[in-house]
Amino acid sequence: MYLLEKLQEGQVILIDKPLRWTSFQVVNKMRYTIQKKYHIKKIKIGHAGTLDPLATGLLIMCTGKFTKKIEEFQGLFKEYTGTFTLGKTTPSYDLETDFDGEFSYTHITEELLNNTVSKFIGEIDQVPPVFSAIQKDGKRAYDSARKGKELVLDSRKVMVYEFEITNIDLPNIDFRIKCGKGTYIRSIANDFGKALNTGAYLSSLRRTKIGQFEVENAKSLDVFLNEIGYQDKSN
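With the first letter of the sequence shown counted as 1, position 112 gets the number 112 in the working numbering; the numbers rise by one all the way through.
Careful, some of the hints might be misleading.
Claimed, not checked - Using 20 Å as the maximum straight-line C-alpha spacing, the simulated PhoX-like pairs for lysine-lysine come out as follows:
{"hint": "1", "residue 1": "44", "residue 2": "29"}
{"hint": "2", "residue 1": "209", "residue 2": "119"}
{"hint": "3", "residue 1": "6", "residue 2": "68"}
{"hint": "4", "residue 1": "181", "residue 2": "209"}
{"hint": "5", "residue 1": "219", "residue 2": "209"}
{"hint": "6", "residue 1": "157", "residue 2": "178"}
{"hint": "7", "residue 1": "65", "residue 2": "42"}
{"hint": "8", "residue 1": "44", "residue 2": "88"}
Claimed, not checked - Ranges of calculated distance between the beta carbons of each label pair, as one might list FRET restraints:
{"hint": "9", "residue 1": "194", "residue 2": "36", "range": "18 to 26 Å"}
{"hint": "10", "residue 1": "75", "residue 2": "35", "range": "42 to 50 Å"}
{"hint": "11", "residue 1": "182", "residue 2": "36", "range": "42 to 50 Å"}
Honestly, the hints are just simulated from the structure, not real lab data.
For every residue, glycine included, the Cβ atom is placed at its ideal position computed from N, Cα and C.
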């Protein structure tokens, strides 16, 4: 059982984010539940690094005085596993949006894949997806993109420390990537497809590590809520 005093003083809580939840929804759910359980008006709580709704995996949640460490945690390396699917593209570079292009991938070989991977290791130039929380002209890029507005985002330098193909079952390619702050795996998927002279999108993503923190040590959101006495009365 979590004690209110510990939560208010400060805790680092590792959560395995459920599929289709935004990181902000996880924060809101935890904050609301704690406030209702302990009959308090507010509690400091935040996360140290956004995950897309269609991704699962590690979220570092900070309460109380540990919210001051959020920026520090955000600077740690991240590790992901997931799947790129070749032959099609989407505007969001994942399955949030419908397909907008179809390409042949009959020329893809294991040798070509491994040679292309090497081009994405080290410091690379990357353009973030237009369906992202990047600020453009004072607005979130995804707000404008969802309204059909044309956006041109600036490229930026990001660091990819490790990138390996873990399984090939065309059109699906499983991968593991270790990268620095600000790297969009969706953009790597899209750029990887272009480098292979085909199309590609991110069909699944799971964050497994943030620095020394590992998803194996994280709790599901349901487990955390049960530990503080939350009861779902909707059933």
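query = When the hints from earlier in the document are held up against this structure, which numbers fail?
reply = Violated hints: 2, 8, 9, 10 and 11; rest satisfied.
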